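Participant: What follows is the residue order along each chain.
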Amino acid sequence: MQFVVCIKQVRDVAAISEMLSHAPRSVAIKTEEMMDLLEKTPGMMNPEDKHALEAALQLRDAFGGEVVCVSVGREDAISALKEAMAMGADRAELWTTQELDVSGSADVLATIVKERTQADLILCAELSVDASTHQLPALLASRLGMPYLNGICDISIEDQKLRVRRKLPEEIALYRLSLPAVLSISPHANEPRYPSVMGIVRFSGEKIPAQIRVEAAPEEMIKGKFFFTKTQEWTLLDNERDIEWIACEDADEKADQLLKKLNRRGIL
Amino acid sequence: MTKKSVRNPQVLLVFEPVLSDNTSLERSFAKELLTIGASLSARVNLPLNGLLLTSEQVGEEARDAFYSDCQASGMQELMEIGICENAGVGSWVEALSCAVRETSPELILFASSAFSSYAAAVLAGELGAKVHTETTRWQIHDQRHLYLERHVLAGSVCVKELAGTLGERVDAKAPILAVLSRSLLLEEPSLLEEKAEDRLQIVRSKWEKEGKTIQLISREPLLRQDVRLEEASIVVAGGRGLGGPEGFKLLKELAELLGGEVAASKQAVNLGWISAEHQVGQTGAKIRADLYIACGISGSIQHKAGIRGAKCIVAINTDPKAAIFQVADYGVVADIYDVVPAMIKKLKKQSRR
Ligand SMILES: Cc1cc2nc3c(=O)[nH]c(=O)nc-3n(C[C@H](O)[C@H](O)[C@H](O)COP(=O)(O)OP(=O)(O)OC[C@H]3O[C@@H](n4cnc5c(N)ncnc54)[C@H](O)[C@@H]3O)c2cc1C
Chain U
0 MQFVVCIKQV
10 RDVAAISEML
20 SHAPRSVAIK
30 TEEMMDLLEK
40 TPGMMNPEDK
50 HALEAALQLR
60 DAFGGEVVCV
70 SVGREDAISA
80 LKEAMAMGAD
90 RAELWTTQEL
100 DVSGSADVLA
110 TIVKERTQAD
120 LILCAELSVD
130 ASTHQLPALL
140 ASRLGMPYLN
150 GICDISIEDQ
160 KLRVRRKLPE
170 EIALYRLSLP
180 AVLSISPHAN
190 EPRYPSVMGI
200 VRFSGEKIPA
210 QIRVEAAPEE
220 MIKGKFFFTK
230 TQEWTLLDNE
240 RDIEWIACED
250 ADEKADQLLK
260 KLNRRGIL
Chain R
0 MTKKSVRNPQ
10 VLLVFEPVLS
20 DNTSLERSFA
30 KELLTIGASL
40 SARVNLPLNG
50 LLLTSEQVGE
60 EARDAFYSDC
70 QASGMQELME
80 IGICENAGVG
90 SWVEALSCAV
100 RETSPELILF
110 ASSAFSSYAA
120 AVLAGELGAK
130 VHTETTRWQI
140 HDQRHLYLER
150 HVLAGSVCVK
160 ELAGTLGERV
170 DAKAPILAVL
180 SRSLLLEEPS
190 LLEEKAEDRL
200 QIVRSKWEKE
210 GKTIQLISRE
220 PLLRQDVRLE
230 EASIVVAGGR
240 GLGGPEGFKL
250 LKELAELLGG
260 EVAASKQAVN
270 LGWISAEHQV
280 GQTGAKIRAD
290 LYIACGISGS
300 IQHKAGIRGA
310 KCIVAINTDP
320 KAAIFQVADY
330 GVVADIYDVV
340 PAMIKKLKKQ
350 SRR
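For the record, the sequence lines run as chains U and R.
According to numbering that gives the first Met the number 0, the first sequence is numbered sequentially starting from 0.
According to numbering that gives the first Met the number 0, the second sequence is numbered sequentially starting from 0.
These are computed hints drawn from the structure, not numbers from a lab.
Please note: incorrect hints may appear among the correct ones.
What the hints assert, rightly or not - Here are a few chain R residues that sit away from chain U, every Cβ distance over 12 Å (derived from the structure):
(1) 42
(2) 43
(3) 59
(4) 79
(5) 80
(6) 88
(7) 113
(8) 142
(9) 185
(10) 203
(11) 245
(12) 278
(13) 289
What the hints assert, rightly or not - The calculated DMTMM-like cross-link candidates involving lysine to aspartate or glutamate, where the alpha carbons are at most 25 Å apart (straight line), are:
(14) U:160 - R:84
(15) U:113 - U:75
(16) R:344 - U:243
(17) U:229 - U:219
(18) R:310 - R:31
(19) R:208 - R:328
(20) R:251 - R:334
(21) R:310 - R:230
(22) U:259 - R:76
(23) R:345 - R:197
(24) U:206 - U:31
(25) R:159 - U:243
(26) R:347 - R:334
(27) R:211 - U:153
(28) U:166 - R:276
(29) U:160 - R:207
(30) U:259 - R:334
(31) U:259 - R:125
(32) U:259 - R:318
(33) R:348 - U:239
(34) U:224 - R:328
(35) U:113 - R:125
(36) U:166 - U:153
(37) U:260 - R:31
(38) U:166 - R:230
(39) R:159 - U:153
Since the structure is predicted, the reported quantities are computational estimates derived from the model, not experimental observations.
Cβ coordinates follow ideal geometry from the N, Cα and C atoms, glycine included.
Chain U with its partners taken away, still in its complex shape (with noise of 0.2 Å):
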C-alpha cells in the first residue's frame, strides 16, 4: 500500500514574534513588510506534521509498502522533506511554489497526488502553526474526490475498508471509510519518532537526495491563488497589559495580598 503524507515547511511562529517583540504595538504593517518579513524568518517542519507522519511510518510497519511525502511551498520545504526522511519516509515529491492560499495549495497537493504517486491513504496534521485554516485536508479530500475524516488517533485497515477512532472534545467514535481516503491526525494519537542518526546522517548536507524530486509547479495551476493580495491589512497585536506587581516579604502575605485584589476585582 501506498501512505501518502502532507509536509508543510512553516515559518518558525517563536522566531517571527521575537523579531517583532520590539516593533511599536497596534501598528498597521504594509503587506510587502509581512512578506519580507516572513522571507527573513527560518523556517521548520510543520510540529503538527510528525504525528502524520509517524502514522503512516506505523502503517507502513506494518501493512508493507511505502511512505510518500508531498509538498507544496518555497524550496527551503527541503530541509522538512530531508528530515521527513531521515525519519523514515521512503521518497518525497515537492512542488515549488511562492505562499499560496489553502485552496492553490490544496490545487497543487491534489495534482502531484493524481501524477505522482498512487496514494491508498493520505494522512495530513490537524492544522499548520502558521496559518491554521483547519481545511487544507478537506480541500484536497474533494479535489480528489475521497471521504475525508479529522481527529484520528487509531487507524486500522481491513478489507480495504478503514477503521478509525476519532477523538474530539465532543465525540469519540468508531468509523469506517472506504479506501482511498484522506485523514487528518490528531497531535494527541501518537509520539513521533525522532530522526535516526543513519538518517542524520544520509539526509544532511546541501545535496538533494534523489530520493526528493523537486519541480516548479505549473504557473497556470497557481495563477490568482497566492496567500498575500492587495486586499489584505496587517496589524501587530497588542497583547501585553499592565501588570501589577504582589510585592510583599513571604508567602502567607502575597498569598493574602493577591487574594484580596482579585476579591475586590470582584472575580473571587
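Place chain R with the ligand on chain U using the hints.
Facilitator: Okay, now just chain R with the ligand, sitting in the frame of chain U:
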C-alpha cells in the same frame, strides 16, 4: 429533502447540531450567532435564514426559546432537518451539504466548534470555496463589501481582508463561508428584541440516510467529568515549574476551592504529568475564563495564544523575567510551593467562617 426552499440571495446561519448527549442550544452560541447574523444581514440588506440539524430528543422548552430568538432576529426561514444520531458526522454533513445546495446562500456563517470547523471545510471543498476560519471581526464597506479579520502566527498578527462582495454572487461564485471565533461571538452584545412582525417559517424535513462513504460503527458516551476548559470560569494551570506530577494535586486542591478547573502547559503534558485534554495554548484549549492562574509556566508564544481571552491573568513564577508576566494582570514572583499552599490555607479558613 422533501421540500424546496427559497432560492435567492441570503445569509445562512448554520447552527451546531443538537444531539441528545452533548450539545444544547444555549451552550453552542446559537443566540450569539443569531445576533451577529441579524446585524450583518441588515447591513447588506439580505434576508436571513437558518439551518438546524437536530435529533428528536431535544426538549420542547429549549426549542421554543430558540424559535423565539430566531423570530427576534428577523429570520425568514429556518430549515430544521431531523437527523439520526447513530448515522454519524458523515451523514450529517451530507444532510447539510444537500440543504445548502438547495438554498444557494451568498454567505454562510458558523459559530466556532469542532463540528463547524469540520463541516465548513468539507462544505467549502464541495462548493469550490474556502473558509474564513476563526473570524475575530467583521466589517461592511459600502453596504456590500465584506471584510473579515483573523489572527495568525500564534496570535501575534491580525490580518483583515476582503472576503467578497455581497448582493451579486448569485450563481456566479461560490458562497463566502466564515466560522466566527468565540471571542467575537461573546463580545457582540445580545440585541435580540421581540419584533412585532412574525415572519419566521419553519420548514421541517428528515435525513435518515447512512453516510455514503463514512459510516459510524459506534459512539462512546462522553464522560461528564471530561474537561471543558473553554467553558470554565476559573482555570488554575501548571507548567514545568511544578517539577513533577504531585504539583497538580496541589493545583487541583486550589482549583476545587475556587470552583475552577485544572489545566497545563504542553511541557507538563509532554512530561506525562497530566493528560492531554488539559493542555492550553495554540494547540490546546483557548481559555475564556474570568480568572487564569499560571503556576510555573514560562509564557511561550504558543502558550500565550491560548490565554489571551482570559479576563484576568495571575502569574506565579520564580523568574521575574519570565515572559508570562508580560501578559499578566497580577504578578507574583515566588515559588509555587510556598504561595499556593498559603492560598489554599487562606481559602479554607474563609470557607470555614
Ligand atoms: C508547534 C508548537 C506548538 C506548541 N503548542 C503549545 C501549546 O498549545 N501550549 C503550550 O503550553 N505550549 C506549546 N508549545 C510548547 C511551548 O513552546 C513551550 O515549550 C511550553 O509552553 C513551555 O511550557 P512551560 O512554560 O510549562 O515550561 P518552561 O518553559 O520550562 O517554563 C517553566 C517555568 O517555571 C518556572 N519555575 C520553575 N520552578 C518554579 C517554581 N518552583 N515555582 C514557580 N515557578 C517555577 C520557571 O521560571 C519557568 O518560567 C508548542 C510548541 C510548538 C513548537
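Participant: Each of the hints needs a verdict: does it hold here or not?
Facilitator: For each hint, the structure was consulted:
no.	hint	in the structure
1	42	holds, 19 Å
2	43	holds, 18 Å
3	59	holds, 23 Å
4	79	holds, 20 Å
5	80	holds, 19 Å
6	88	violated, 7 Å
7	113	violated, 4 Å
8	142	holds, 17 Å
9	185	holds, 17 Å
10	203	holds, 24 Å
11	245	holds, 18 Å
12	278	violated, 9 Å
13	289	violated, 5 Å
14	U:160 - R:84	holds, 23 Å
15	U:113 - U:75	holds, 23 Å
16	R:344 - U:243	holds, 23 Å
17	U:229 - U:219	holds, 20 Å
18	R:310 - R:31	holds, 19 Å
19	R:208 - R:328	violated, 52 Å
20	R:251 - R:334	holds, 17 Å
21	R:310 - R:230	holds, 13 Å
22	U:259 - R:76	violated, 51 Å
23	R:345 - R:197	violated, 55 Å
24	U:206 - U:31	violated, 32 Å
25	R:159 - U:243	violated, 33 Å
26	R:347 - R:334	holds, 20 Å
27	R:211 - U:153	holds, 21 Å
28	U:166 - R:276	holds, 11 Å
29	U:160 - R:207	holds, 23 Å
30	U:259 - R:334	holds, 20 Å
31	U:259 - R:125	violated, 55 Å
32	U:259 - R:318	holds, 23 Å
33	R:348 - U:239	violated, 34 Å
34	U:224 - R:328	violated, 42 Å
35	U:113 - R:125	holds, 18 Å
36	U:166 - U:153	holds, 9 Å
37	U:260 - R:31	violated, 32 Å
38	U:166 - R:230	holds, 19 Å
39	R:159 - U:153	violated, 38 Å
Figure legend: structure checked against the earlier numbered hints; hints not met, in rising order: 6, 7, 12, 13, 19, 22, 23, 24, 25, 31, 33, 34, 37 and 39.
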